[in-house]
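Keeping the supplied structure of chain X fixed, place chain D upon it in accordance with the hints.
Number of protein chains: 2
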Amino acid sequence: MAAERRVYLDNTATTAVLPEVVDTVLPYLREVYGNPQSWHLWGDGAREAVETAREQVGKLINANPEEIIFTASGTEANNLAIKGLAQAQASKGRHIVISAIEHFSVLHATRTLEKAGYEVTLVPVDKYALVDPDEVARNIRKDTILVSVMHANGEVGTIQPIADIARKVKEAGVLFHTDAVASTGNIPVDVEALGVDALSLAGSQFYGPKGSAALWVRKGLRLIPLMDGGVQEGGRRPGTEDVPGIVGLGKAAELAARDMASRAGQFTKLRDKLIDGLLDKVSHAILTGHQVQRLPHHASFCIEFIEGEAMLMLLSSQGIAVSSGSACTSRALKASHVLIAMGLPHEIAQGSLVFGLGLDTSQGDIDYVLEKLPPIVDRLRQMSPLYAKFVKEGRG
Amino acid sequence: MAAERRVYLDNTATTAVLPEVVDTVLPYLREVYGNPQSWHLWGDGAREAVETAREQVGKLINANPEEIIFTASGTEANNLAIKGLAQAQASKGRHIVISAIEHFSVLHATRTLEKAGYEVTLVPVDKYALVDPDEVARNIRKDTILVSVMHANGEVGTIQPIADIARKVKEAGVLFHTDAVASTGNIPVDVEALGVDALSLAGSQFYGPKGSAALWVRKGLRLIPLMDGGVQEGGRRPGTEDVPGIVGLGKAAELAARDMASRAGQFTKLRDKLIDGLLDKVSHAILTGHQVQRLPHHASFCIEFIEGEAMLMLLSSQGIAVSSGSACTSRALKASHVLIAMGLPHEIAQGSLVFGLGLDTSQGDIDYVLEKLPPIVDRLRQMSPLYAKFVKEGRG
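Protein sequence lines, in the order shown, are assigned to chains X and D.
Per our numbering, residue 1 is the first one in the first sequence, and the count goes up by one each step.
Per our numbering, residue 397 is the first one in the second sequence, and the count goes up by one each step.
Some hints here could point you the wrong way.
In silico lysine to any residue, SDA-like type, Cα no more than 20 Å apart, as pairs [to be verified]:
#: 1; chain 1: D; residue 1: 511; chain 2: X; residue 2: 88
#: 2; chain 1: X; residue 1: 334; chain 2: D; residue 2: 730
#: 3; chain 1: D; residue 1: 511; chain 2: X; residue 2: 334
#: 4; chain 1: D; residue 1: 730; chain 2: X; residue 2: 235
#: 5; chain 1: D; residue 1: 730; chain 2: X; residue 2: 88
It is worth saying that the hints were derived from the structure and are not from the lab.
Here the structure is a predicted model, which means the values were calculated and not measured.
Just chain X, same shape as in the assembly:
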């Protein structure tokens, strides 16, 4: 392939790992290889590194480090939160409230609980993917034991009013979890300011290694582990600690906390150029998600009359990486449940295009996308029966 440029704009699927993070990880692959549970120098070095990372992650989200449970993915953190908290509360009730646009790791975890006798209510979202805090409150029942609403959505970038939702949920005396995988490291996340009881995050969303994630759970809350085994993570997440991954997560958290404001400023400027340029140059394109309440590095659209996957492939042949919905599901070729929940018709939802800007994204990259995308859209529309029908009916 001989694209003029290589432009990675799929940072919502996964980010690169920052060189400083790689440098921090390396000694834990090379020299400090002990098991943190071991009673000797090698174990001590590994254990201290894990505890340093716990403090770094705690600092990023303003949480007590002791309350952080390291996991191998955001998906694992979400499963542990949903299943672990629900099962620990089962004697009080079996009703769970989530939003309709949760990540599959939350949505499908609740479906598994449904098979075990739990009831799940999905709260709708508006056309911007926003959840109404009052709507959440209205769906809380006497037997509601858990509410989970994501902080930000990876597909459409919308940031929820989590503090408002949490206040109403806590007033009703119910536990509140937020999936902050897409937001943590990219916008301020403060567990006290948000007022939540549990929060999931993942390093691969903010320049940490894949396989590094965490669940924060407020002290004193019972949690049934997904796995049984050793004493690691207070017995809540047994298995030998992935020391290099954990160290990398810690370093990425430290850097994200330090650079968050400057990163956001850099992202927002370029993102707005991308949004304005794309809406200007591509007809029948819709910005999905909220215009203002959105992740700073995130721009998402539906391009009418064509399919997202076809765009991805032609963009890829031009050296441009983007996605069409969530990476966890985009290969499954279904219209996104998020876009459907926002009220978009199925045929429009299929034209989803998600851009995630990164720390290395330049003005030149944005210009390149704005140059390459319109002819790709034109070419695909020329092959599109939907577009032919639209033109024929004279609405074009």
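Same frame as chain X, but now just chain D:
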């Protein structure tokens, strides 16, 4: 600390990562950072690397690569096997048979299933920690749906007659899982020759990275996932793939397959010197586990009248790393359930000492241990009420 030498003999807790493995992992931390689920060049590179690793792991255990499920730990692989297979078979029955010396990730997983209405039978072991295949067969009932016996025990090194056990279990029409975390990469593991239906392994036991492990499950077998979410690993283990960890596991598997015989020869020679030397120089020391049917890099003992933890600390101050039982539990300060199941009295079991030789272990390391350990044992015995009583009673 100014020890004369640093001697890491805790390779049963975790191994170092081989430099060749680190070199193979590095590009996947630095350049090839795509999400394997993404539809573009970055995703393609990551996906191809994951599939290469799947083939390398398949080759090591003579399994179809498609049947390998990557996990983040041996503990996760064991939980997925035990809970996933048992739950998928629940309509046929709810009885499970395991050995009394399983790792806590198997033992405690079955305890969790007991709370959900399953019944669990523990098959005893003899004084060498060997499981009798006939004893397993005798415990199989009409409602038995799963048998799990570990391939090798990490605390005492004993290798079980898995092929014989599997034959009897399969004759009874029951699924058979083996926890091969301690054995895979260290001795030949061939899923067809063993005749098992599912097998767990972990990279941190054979010079791969921590956080890299796998469960192999024979094609066509149903498995209820521990987690819900995306489509990764055929939906059986959702969550963004830990590409660097998986790549490292693959490379470690390739090297283990290539070098297994020479490594075993090197280990056995030094291990036998350690065993002979220790039994010669330390009185009232017992070799635990089987003399011949044991892991080539493994030597374990009970040193009477003293506690393992005290020995670990004094050895550590001499620069020597060993363990006292399983790393997953050794900080919990309990006598090992493995040693108790082998019939050792509680007070003797507390004097457990486990040596795991590594690729860098030298004759000089063994000599150093044989020089430093005896005076440590003497010193601790001088402080031991048990030893004082023993001497006073004239049995010394």
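The hints, checked one at a time:
With a C-alpha separation of about 13 Å, the suggested pair residue 511 of chain D and residue 88 of chain X falls inside the 20 Å cut-off, and the hint holds. Among the hinted pairs, residue 334 of chain X with residue 730 of chain D is inconsistent with the structure: their alpha-carbon atoms are about 52 Å apart, more than 20 Å. At roughly 38 Å between alpha-carbon atoms, residue 511 of chain D and residue 334 of chain X are farther apart than 20 Å, so this suggested pair is violated. The straight-line distance between the Cα atoms of residue 730 of chain D and residue 235 of chain X is roughly 15 Å, inside the 20 Å bound, and the hint therefore holds.
Under the criterion of a C-alpha separation no larger than 20 Å, the hint pairing residue 730 of chain D with residue 88 of chain X is inconsistent with the structure, at around 27 Å.
Of the hints listed earlier, those the structure fails to meet are numbers 2, 3, 5, in rising order.
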